[in-house]
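S.K.: Residue strings, one per chain:
2 protein chains.
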Amino acid sequence: MSLHTLMLLATLQLAAAEPVALGKPALTMQDILTASSAADWRDVDATRLLRMDLGGERKVWIELAPSFAPAHVKNIKAMLAERYFDGLAILRSQDNFVVQWGDPDAGDAAKQRPLKKAKRTLKAEFTHSYDNTLAFTVLPDADGFAPEVGFSEGFPAGRDPQRKQAWLAHCYGTLGVGRDTDSDSAGGAELYVVTGHAPRQLDRNITVVGRVIRGMEWLSTLPRGTAALGFYEKPEQRTPIVSIRLASELVVAERPKLQVLRTDTPTFSALIEARRNRLDDWYKVPAGYIDLCSVPIPVRDQPNKMEQQ
Amino acid sequence: MSLHTLMLLATLQLAAAEPVALGKPALTMQDILTASSAADWRDVDATRLLRMDLGGERKVWIELAPSFAPAHVKNIKAMLAERYFDGLAILRSQDNFVVQWGDPDAGDAAKQRPLKKAKRTLKAEFTHSYDNTLAFTVLPDADGFAPEVGFSEGFPAGRDPQRKQAWLAHCYGTLGVGRDTDSDSAGGAELYVVTGHAPRQLDRNITVVGRVIRGMEWLSTLPRGTAALGFYEKPEQRTPIVSIRLASELVVAERPKLQVLRTDTPTFSALIEARRNRLDDWYKVPAGYIDLCSVPIPVRDQPNKMEQQ
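Order-wise, the sequence lines are chains W and Z.
Mapping of the first sequence onto my numbering: residues 1 to 309, in sequence order.
Mapping of the second sequence onto my numbering: residues 1 to 309, in sequence order.
If you're looking for bench data, these hints aren't it; they were derived computationally from the structure.
The reader is advised that the hints may include incorrect statements.
Identical chains share a label here; the pair holds if one copy fits it or two copies do between them.
[Stated by the list, open to error] Think about it this way: if two alpha-carbon atoms lie no more than 20 Å apart in a straight line, the pair counts; the simulated EDC-like pairs of lysine to aspartate or glutamate are:
1. 59 <-> 86
2. 123 <-> 105
3. 234 <-> 105
4. 123 <-> 153
5. 284 <-> 160
6. 123 <-> 281
7. 284 <-> 180
8. 59 <-> 190
9. 284 <-> 184
10. 116 <-> 153
11. 284 <-> 182
12. 234 <-> 217
13. 284 <-> 125
14. 234 <-> 57
15. 164 <-> 180
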């Protein structure tokens, strides 16, 4: 056991033994959300919002993160403009890990769907060099996968203040860009969403481009594939993708007015604290700790302006 | 920010900046499992193995943990002997959290299914006082939810050496006993399985009785309920439970010969190390860390004895 590991264990033991301050008013997350003001929420920009249509009511809404992966987000938008994903399929659903979609014939130059202006591969954007303009709300709790973790522009993220690098974390609902062994082997034609326990070992190893903010259940409940890595054995087991569109391309009636709780406000910090120590009557031993991927980032429909007044 | 939190952050920063020793032979989990010996595996005791039959091929296999919750495991076995669960249903599926089953009429004395010898409620078994006979393989990495975490008898667990308490952790697949606000309000008639990111805040707050070791996909893919907490709005949306049986009650042909990798061996420690630092070519930045619920506890069919010789 290394010296650092011993120090870690010693300090975490202190933390875990630290008693929770009782007698405080127990604000629940719901109390905090009910008391939130309009300024605590931000409208989701329709030019950063994807609608993945799996048929019928099965629509998955994904917010893109251009600040963290500008080239990949731009390239994925170029693919959308070419209708690249329409008629392709979900190829893989591995229990407690990911679903993944793309072209089943990818890699076969003769059969694969061609790209027009969009690029097949790009330079990796595993991390992002940040400066002081990057908004970052630090989670007060320690994390084993990153020197610091927190929230940036509504996404769970890690950062390394020494190297001045930031990156999006792999939590439930995270959208990433599948790649081969070479770091620069992908461009967004194959995408995955995390459907299980946070696979944080992927952080800094793959380009993350967004997260699902509504409709996650249409991905998480897909039948698991029975071939290696959860790939479907037979083409008919795959779920076809009707289309993927930017919300800004949809007619107004089809666009949801989604809002995400801002992650750079006292309201969000209060929410974190309410989840670190659950003080409602049900909990007998509040944890006094929370891991990055257990912090909810609430999403709602924009309230009717008249109702708000 | 408290002094402890500052210390935690400082030491975890050191850990996260510590370079991984490269140039070592990269043993993958598969290499380790291939090289494992028969003694690295244990047969699952048929008197601790449940088969939940949801109809057709949908069979979920659950290993009970009598060392951690002896009274609840005994009571659940009494319920099985009374065929208590047969014909009841899965009542709830909340995305990224749990599925839960039991009697939809529970709490209504006139309508609920009666128990015979089994008890409706028991004293909580949230933690277990341990002595030196408890096998416990400590995970080398720190954890924010417990002074120490590791593996005991094949289950992910936490413990507090000062209080001499141990408990099973809430990871993907963990089986727990639903309860009301009162700690002693449950006895096993309502059970849940974790189907999302590990809700470790539940640790020490609820009685854990086992984990799913095969067939998890039949629970994790159930449609999500649309009422509060993921309950199904209409009775016909529930999934009926054909039966829950101890494997020891099944005819031999229906009993799988399951084996679980022992968690108290050098082989398991090597597996943890292989997952802490993924050194295969795909990974560019090995994490040098793993959280408790990301460590796989492999399960296999017992190899044919003739083949092994």
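S.K.: Does each hint fit the structure? Answer for all of them.
M.R.: Consistency of the hints with the structure:
Taking CA atoms no more than 20 Å apart as the test, residue 59 paired with residue 86 passes inside one copy only; the shortest distance there is 14 Å, against 35 Å between copies. Taking the shortest Cα distances, residue 123 and residue 105 never come within 20 Å of each other, neither inside one copy (23 Å) nor across copies (58 Å). Within a single copy, residue 234 and residue 105 get their C-alpha atoms as close as 13 Å, which meets the 20 Å cut-off; across copies the closest is 42 Å, which misses it. With identical chains, the CA atoms of residue 123 and residue 153 are never at most 20 Å apart, being 23 Å at best within one copy and 46 Å at best between copies.
Taking the closest pair of Cα atoms, residue 284 and residue 160 come within 20 Å of each other only across two copies (16 Å); inside a single copy the shortest separation is 36 Å, beyond that limit. For a Cα distance limit of 20 Å, the shortest separation of residue 123 from residue 281 across copies, 18 Å, qualifies, whereas the shortest one inside one copy, 51 Å, does not. Proximity of residue 284 and residue 180 under a CA criterion of 20 Å is satisfied inter-copy only: 12 Å between copies versus 47 Å inside one chain copy. In this homomeric assembly, residue 59 and residue 190 come within 20 Å of each other (Cα to Cα) only inside a single copy, at 19 Å, whereas the closest approach across copies is 33 Å.
Taking the shortest alpha-carbon separations for residue 284 and residue 184, only the inter-copy value of 12 Å comes in at or below 20 Å, while the best intra-copy value is 49 Å. Taking CA atoms no more than 20 Å apart as the test, residue 116 paired with residue 153 passes in neither setting, with 31 Å inside one copy and 56 Å between copies. Taking the closest pair of Cα atoms, residue 284 and residue 182 come within 20 Å of each other only across two copies (9 Å); inside a single copy the shortest separation is 49 Å, beyond that limit. For the identical chains of this complex, residue 234 and residue 217 are inter-copy neighbours only, at 18 Å across copies versus 23 Å inside a copy, given an alpha-carbon limit of 20 Å.
Taking the shortest Cα distances, residue 284 and residue 125 sit within 20 Å of each other only across copies (13 Å), while inside one copy they are farther apart (43 Å). Taking CA atoms no more than 20 Å apart as the test, residue 234 paired with residue 57 passes between copies only; the shortest distance there is 18 Å, against 25 Å inside one copy. In this assembly of identical chains, the alpha carbons of residue 164 and residue 180 never lie at most 20 Å apart, being 27 Å within a copy and 47 Å across copies at closest.
Of the hints listed earlier, those the structure fails to meet are numbers 2, 4, 10 and 15, in rising order.
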